[in-house]
Every structure is written in C-alpha cells, then in structure tokens.
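**Q** One letter stands for each residue in the lines below.
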Amino acid sequence: MNGKTNLMELCGAIMIGLLAVIAIAAPLFAPYDPTRAVAASFGDPQGPSHAFLLGSDELGRDVLSRIIWGARISLIIGIAAMLVTLTIGVTIGLMSGFFGGTIDFCLMRVTDMMLAFPTLLLAMAFVTVLRPSLSTILLVIGLVSWTSIARVVRAETLSLSQRDFVRAAQALGAPSSRLIARHILPNALPIIVVMAALGTSGTLLLDAGLSFLGLGVPPPTPSWGRMIEEARIYFRTAPWLALFPGLAILYAVLGFNLLGYGYLRRRGRNTSVTMR
Amino acid sequence: MKALTPFGAALAILALSELTGCRGDSDGLDLPKTAKVLHLASVADVPSLDPAVGYDTSSWGFEQMIFDTLVRYSDAGVDLVPDLATQWEIAPDAKSLTFHLRRDASFTNGRAVVSGDFKYAIERVLTPSVRSKGTEYFRSIVGAEDFVAGRAKEVTGIENPDAWTIIFRLTEPDPIFVQKLAMPFAAAVPREAVDQWGNDDFSRHVIGSGPFTLKEWRSGERIVLVRNPHYFDPSWPRLDAIVQLIGVDLDLEWLKFETGELDVSAIPPAEFLRVMKTPKLKALAEHIVTLSTDYLGMNCQMKPFDDVRVRRAFNLAIRKDKASAILNGRAVPAVGILPPGLPGYDPNIDGYPYDPTKAKALLEAAGVGRDFAPTLWMRADQTEMTLGESIQQDLAEVGVHAVLKPLAWSSLLEAIRQPNTADLFSLGWEADFPDPQNFLEVLFAKKQFGANNDTFYSNPQVEKLLAEAAPVSDLSRRYQLYDQAQKLIMQDAPWVVLYHPVSYVIRQPWVHDYILNPMRPTRLERVWISAREGEQQTR
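Protein sequence lines, in the order shown, are assigned to chains A and B. Last residue of the first sequence? That's 275 in numbering that gives the first Met the number 0, and every number before it is there in order. Last residue of the second sequence? That's 538 in numbering that gives the first Met the number 0, and every number before it is there in order.
FYI, nobody ran anything at the bench for these hints, they're computed from the structure. Being a predicted model, the structure only gives us computed values, none of them experimental. Check each hint, because a few of them may be wrong.
Pair by pair, the computed Cβ-Cβ distance ranges are [said to hold, decoys possible]:
id: 1; chain 1: B; residue 1: K302; chain 2: A; residue 2: A19; range: 42 to 52 Å
id: 2; chain 1: A; residue 1: D32; chain 2: B; residue 2: R273; range: 28 to 38 Å
id: 3; chain 1: B; residue 1: D248; chain 2: A; residue 2: P238; range: 46 to 56 Å
id: 4; chain 1: A; residue 1: P238; chain 2: B; residue 2: E257; range: 16 to 26 Å
Listing some non-contacts, in silico: residues in chain A with all C-beta distances to chain B over 12 Å [stated by the list, open to error]:
id: 5; residue: A12
id: 6; residue: L58
id: 7; residue: A79
id: 8; residue: F104
id: 9; residue: V109
id: 10; residue: L119
id: 11; residue: R130
id: 12; residue: L178
id: 13; residue: N186
id: 14; residue: L214
id: 15; residue: P217
id: 16; residue: I232
id: 17; residue: W239
id: 18; residue: L242
Even glycine gets a Cβ: it sits at the ideal position worked out from N, Cα and C.
Start from the sequences and build out the full structure, keeping to the hints where you can.
**A** Right, here's the structure in full:
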C-alpha cells in the first residue's frame, strides 16, 4: 500500500502523455495533409525517404502524417469508448452488487449473455446494422466491452457492502444512493481506474480490428487499423506500410497496459483482476 | 454480359482465365504417363456445362471447349471465324441468314452433327421449362414468340432445307444476329443425349462435338476434360487433358503456381507489383485490354446530378490517369464510353481533361454548396476501396466530400437499379458482342430503365440515333450513327468514364499459346505444353 510511483507506471504515463500531445497537436506535428496525395507514388508505395520519413502509400499519402492524425482518432475512440464502457459497466456492477437478489440475477444473466458472444463478432454485427461513423464505432465498442468491468465492480461492491463502515452508514439511516455514491464508489475507484486503463488498450485493439475488417471509421479519416488493412496488398513489396501503423498500435496498447499494471502494483491490492 | 464493377470485369475475366492447373497426374485418371495435362484451379465450382443454362465466364470457358457453334471468335480477337459452319450469307435486308455446315463433324457419341441439332439447341433455349437466360437473344427469330408461348411446336423461322444447311429468318433486321450465334447458347446439342438424361441432368452428362469432352466432374473438387479424338480438325487439340481443381482460392492458387503444381494462374493483387518488378515473372505474364469500361455512374434523376453542369464537373475533377496508376497498369485510362478494340471505337473522341478549376466553377454555377456530400455506392472489395478513396481525394480537391458506401455485389446491383436510390456509384460493363449497340443501347436507352440503364439517362436525340442505327448493316454508316450517339451521351455526361480493365494471367514457361481474348474465355485447344526443363521453377 505504498504511494510511491513505480517505473512501470511512470513509463506508461509518459508514453500516453506523449501520445496525447501528438494527438492534440497533430496539425503541428504532421508534415502533410493526411488525406491528400502529396507524393506521386500512385499504385507504387515508396519507402522511407527524406521527404517522407515513413514512406508514402499507394494513394500518394504521407504515412507519417497519417499515423500522427491516426493517433487522434485512436485516442478519441479509445477514451470515449472507455467512458461508454465505464458508464454501463460501473452502473450495472454497482446495482447488481448492492441490491442483489432478483436485480442481481437479471443483470448478471444479461452480462453472461453478452459474454457468450465473441466481442469482435458482436461489434461487427452492431457496426454492420448501424452506419459506420466515429460516434457509432465508439458507442459499439462501449456496448460490447462493459461486461468484464461490470463483473469486477459487482464483486468489489459485494465485498464493500459487507464492510463495517458501510454497515454503520446504513445503520445511521443513509439512503442507498448515498451509500453507493459516498461509500462504495469511492472505494471501488482504484479497481475501476485499473480496469479503465487496461480496458482502453482493449478498445484500441478492437477499433484496430474493426478497421482492419473495413468496419472502422470510414475513409478518408486516417486510422491505424485501416492503414494495416490497406497495406495488406503491398505486404511483400512495401512492408513498411503495415509495419509503422502496427508499431503505433503496439506503442499505444503498451502505454495503457503499463499505466494500468503500474497503478495496480502501486496500490498493491488483493487484486486478482482478470481481463478477458 | 452483365454489369461488372470497376476492376470486377478484370477479375471476372481472370476467374475465367483462371483455368489454371496443377501437376501430379497420377490422380486416378488413367491417363498415360506422357499425357500432356494442363492444370488449372478456381475457387468456385462451374455453375453449369449445359450450353442452354450457363451464362457466366466460368461456364462459357468449358462450354466452348465441349461444344461447337456455327461461328466463333478468333483466338485473340473479336472477328468471327468459322466453327461448324464453313460459310454463311447474310441477306442484304439483314432479316435472314444462311449457314452451310461442314460435313465431317460428329458428336462424341459417334453421330454426325446436322443442321437439326442447331435448331434443336435454340428451341431448347426458347423452351420456358429449361429456364435459359439466353431466351432474349433469340426472340427475334420468326415464330420464336409463338414457340415460347406454347402456340407452336417448332420455331418456324429456323429452317433446315437439308442436313447441312440452316436458315434463320428474323422478324426485323438485325445485323448483329450472327454474333448471337457465337454464344454457347446456340451450340449444337444432340437431342438423344438430352432425352436420355433430362434437361436438368444434361449438364452432368454433356455430349458435344468440341475439341474436349467431359471425363469427370466431382462437385467442389475437380473437373476433368479430355481430348476428343473424333474432333473434326485432327490437328487440335494439342493437350490430352485439362484438370481444373475447384475450391482453390486466389492465394492458394498462387502458391500452387509457384510450386509448379498449376500451369496458369491469376495474379493476386498482393503479388501483382512484385510480378511486374521481377523480369523473369513479368515475361510469363499475359495481358489483354478487355472489351469493358469501368465508370462512375451519376443518377440523372437525382439532385444535384440532374444538372448537367454537376455531371460535367465530376468528369473534369476526377483523375483517370491516377486511377489507372493505382491499378499498376491493370487498366487503360478511358476517354470515351466504347473500349478500344471494339469495332466502331473512335480514337478521336473528345473526353474530359483533368481540370479542377473549371470543375469548381461549374459546381459553383450549378449552386452546389460546400456541404455537398454524395454517397459513392461501390462494391466492398479492397481494390475498389482504394479506388474509392482515390476518387474521394480527387473530389475533395473541388470541395465535394464523398462518403464511400461499400456493399456486397448483389445488394449494389439491386440498389442502383431502383430509381432515386444511388446518386453516385462505381460499376463496369463488359461487352457481350463486339458492337457499339451492346454499350450505347443497352446502357443508355430509356427502355433499359430499371435494368441496365442505371443512370436513368434519357435523351430523345440519342434515342432517335439508336433506333436509326440498330438495323443498319453497312458498318461504316452504322458506326457513324453510334459515334454521333456516343458524342451526345458524352456531352450529357451521365458517366465519368474511368478506365478499361486489363486482364492478366501468368503461365509457366512450359505453357505455350495460352492466348487471351478481350471478350471471351481463353480457348484451350491451341495450348501446348513443352518438356519442363529439369525442375525449373518460376520462383
């Protein structure tokens, strides 16, 4: 239970911070417009060069600029989808754990049902029915990934609501809303933060997966997953097209994971957080 | 033959030419060890071998090897050459055609091919219970409508004065009727074989007079043709057998080609650039500009595309050279609607140059605001998506922000045929016959609304020219009239013509005379195989 920041957490925080700066200031960092043809390399992607540090793609677009702008999309989706996930997951988890009984039973069966479907498949089904757009994507990712958070929060709530300080508050006549908001939620917060950090990397991967399958944010918006998908054709002739966005995904996922696990280690809780 | 999406045309032709094959001949075919076998592969099974039924490139590829028609196209071109007819005359009024048959052709069951077999074949196509997709092509024969309606026992307009002569009489002049007789629909079919197996099972037990004959067809596994020893021309075919593996996707096909198991293969998009950059592989690639045109269609009944200025602006804004470059030369930039190589093609037609400034001015004049975001309906396919993004880029330069809408092929076709549904879409058209009518009338006449005229374009002047040109037999006059029609259509700009797809296949060094045709599947009777030098691989 020491409060000292460890190396893991620090690394994660720096990595994510850097990513956030790049994403916010994308217009300053990106050397070119990410959607315009700036290199005359139509149909024949060119490798890294002085003018195009990470090369150019089959439509003459600068890969570096696309990765930088892609960071913005990835972060927006990662964070916004996580907010949707948290809203649904924490609400269901708290309700289920606090009230128990029929409410718990019903909510958990719904959760089980959601868990029974492969996440990616479910997300694909949603995106196919709804029209792909930025808001659809983050909503869909949120809708399919709240289950693990709901379960962890429920377990935490169950254990917290048996604690003396909660019982005491209850004995003093505190209403359920106050118990949840003032006593249970703040104490469940650390675990929620960990879940959120780790979950964000999950949403990033899910977004990349959806984009790879052509169901992500529609073009011309640059997205890392779509960049890899488009690079597939040139895998043998222009491997850098897939390599650099792949590394970008790796970097972001690693950053969020380090942040999450580092925080977890610092809190040193009896945490047996199991991610999907 | 049907609308093809941009680049889809090329793929479809690849699919047919995908008649590729694998080595390893000891697969229970009891062919002699020295047999020359061509190994091919395809993903999908052949839909049908029955010439009355098959209507796709894969079926036609086999049917034209198993059956003979009166006339056919030359190996590399679209000029008609004799098949079972040695000579033919077309009456000056283009209302009757007389064919004289060769007398030495016979079916593989030993019976001589006579004029009655052609009459029977066409009557079969016209029989409603056969559900042939070729019926429409022969309705113009005198008596055909009565036959289809069941009012007549035979088609009176097909006459057989003797066993070696056949005369077709038409209800109206049709100078391109002879082209319809080059389709497998009109191939000679022995009545006794159909009677024996029934209409549905004939496909599995086909008997024809062509250079090859069906030996084995295991659904989803393989189809094997062997040489027909009784073929009328003893110099052909040069192969002993053709083995086509089924259920082999493009990537696997490529792998099998690289190991030498297949003799001919399509080139996967991912490998194309590498093949072109490797001189040794490039030398083995065969290509041909297909008789097809890929285009962006604009629905002329939907706002703002009902304004010709908007349609012209789109024509000026889109860079065709870029689209072709993205396909790495698997396309020739288009200027007009008709593809080069089509008789009647006018090399001097005025296209639209790339001129974004003028495009912007036109859009402004038409009152199209900055918020104009048309939906580009297209096929969900990686190459299509890349092209779509390229078009999106070009349009963004003139302030139009197109939204891509990728769909499955069948859903796309269904959508664009509905009025007021798809405002902007990407499609292609491949010729059935080498005649401008097959493009201009089929795609731009009012009577094709809801069918092939997917831009819902109509212009009374064009209609008049099309009606005037259709019965004209004098080719220079005919082509002149169609040229006038094409020029009017280009001015009205219902299409942004993009490019003419180029079809590519790659063959092994030991495969010779594998000749691509711009309109039809490759004929395999000329193909021959030389000894493989050692274990030379194309890797």
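**Q** Against each hint, give a clear statement of whether it holds in the structure.
**A** Right, here's what the structure says about each hint:
1. B:K302 - A:A19: 42 to 52 Å: Between K302 (chain B) and A19 (chain A), where Cβ atoms are some 43 Å apart, the hint holds.
2. A:D32 - B:R273: 28 to 38 Å: holds (30 Å)
3. B:D248 - A:P238: 46 to 56 Å: Check failed, 23 Å falls outside 46 to 56 Å.
4. A:P238 - B:E257: 16 to 26 Å: Given range 16 to 26 Å: holds, Cβ gap about 19 Å.
5. A12: holds (36 Å)
6. L58: violated (6 Å)
7. A79: holds (21 Å)
8. F104: holds (41 Å)
9. V109: holds (32 Å)
10. L119: Non-interface label on L119 (chain A) holds, nearest chain B Cβ at 18 Å vs cutoff 12 Å.
11. R130: Violated: least Cβ distance 9 Å, not greater than 12 Å.
12. L178: holds (49 Å)
13. N186: About 47 Å separates N186 (chain A) from the closest Cβ of chain B, which puts it past 12 Å; holds.
14. L214: It is violated; L214 (chain A) is separated from chain B by about 10 Å at its closest Cβ, not greater than 12 Å.
15. P217: violated (6 Å)
16. I232: Violated, since 5 Å does not exceed 12 Å.
17. W239: holds (14 Å)
18. L242: Nearest chain B Cβ is 16 Å from L242 (chain A), so the label holds.
Going through the hint list in order, the structure does not satisfy hints 3, 6, 11, 14, 15 and 16.
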